[in-house]
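Participant: Spelled out from the first residue to the last, the chains are:
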Amino acid sequence: GDSVTQMEGPVTLSEEAFLTINCTYTATGYPSLFWYVQYPGEGLQLLLKATKADDKGSNKGFEATYRKETTSFHLEKGSVQVSDSAVYFCALSEGAGNQFYFGTGTSLTVIP
Amino acid sequence: NAGVTQTPKFQVLKTGQSMTLQCAQDMNHNSMYWYRQDPGMGLRLIYYSASEGTTDKGEVPNGYNVSRLNKREFSLRLESAAPSQTSVYFCATQSPVLYTGELFFGEGSRLTVL
Numbered sequence: 001g002d003s004v005t006q007m008e009g010p011v012t013l014s015e016e017a018f019l020t021i022n023c024t025y026t027a028t029g030y031p032s033l034f035w036y037v038q039y040p041g042e043g044l045q046l047l048l049k050a051t052k053a054d055d056k057g058s059n060k061g062f063e064a065t066y067r068k069e070t071t072s073f074h075l076e077k078g079s080v081q082v083s084d085s086a087v088y089f090c091a092l093s094e095g096a097g098n099q100f101y102f103g104t105g106t107s108l109t110v111i112p
Numbered sequence: 001n002a003g004v005t006q007t008p009k010f011q012v013l014k015t016g017q018s019m020t021l022q023c024a025q026d027m028n029h030n031s032m033y034w035y036r037q038d039p040g041m042g043l044r045l046i047y048y049s050a051s052e053g054t055t056d057k058g059e060v061p062n063g064y065n066v067s068r069l070n071k072r073e074f075s076l077r078l079e080s081a082a083p084s085q086t087s088v089y090f091c092a093t094q095s096p097v098l099y100t101g102e103l104f105f106g107e108g109s110r111l112t113v114l
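Residue numbers (the working numbering), protein chains in the order written: chain A, 1 to 112; chain B, 1 to 114.
Only chain A is shown next, with the shape it has when bound in the complex (with noise of 0.2 Å):
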């Protein structure tokens, strides 16, 4: 069955830092890829997506792009700032019902 496996955290970096997070994914057949964004209290909210092979998606300094061949989504930011602190869950959709799958969340904490 479909599954998206993500980075173990937490993550702590430095303000400025750049950020890595990996996601892997397994679906059966051509799925859309999210990434959500979780701040502390509050409920998930999408952060960026693409829908094909090779799509990147992009919001607010993040980035990541659909990478088929090695079935990756990894999520990426040159320079993380405090507020970027939160936790982040890779995704997946596809298939009847738009069934969502989602990753174990990375926490990630960023010090002055």
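Taking CB as the label site, the calculated pair distances span: (1) A:S83 with B:S95: 18 to 28 Å; (2) B:T112 with A:G9: 22 to 32 Å; (3) B:S95 with A:S79: 24 to 34 Å.
Here are some, though not all, of the chain A residues that point toward chain B, as calculated from beta-carbon distances under 8 Å: (4) E42; (5) G43; (6) Q45; (7) L46; (8) F89; (9) Q99; (10) F100; (11) F102; (12) G103; (13) T104.
No lab work stands behind these hints: they were computed from the structure.
Beta carbons are placed, not taken as given, at the ideal position from N, Cα and C, and that holds for glycine.
With chain A's structure known, arrange chain B on it following the hints.
Facilitator: The following block gives chain B in isolation, referenced to the frame of chain A:
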């Protein structure tokens, strides 16, 4: 524009008690979902509703029931709460774009069962 509203935000129950989590959306979306979030396990789908009048089981439906009262509202009921149901519950709706539709989440309902 409230988006997705969940009530209550916090609840403490004793084992065996019942309760209903309410979810309402003003986004005019057809599809609605209930997830639970547990440490180290990500989000797991409990039930979903593709449209008014239809509901389907997700990955972890045991111990729960749902009602899609109308297009706006989708409630989750625990008939006899158990400590294993201690979790954070999220309601979500989905924009109508097939396969690529974004999920919109409520702020969550934090439930503790003693």
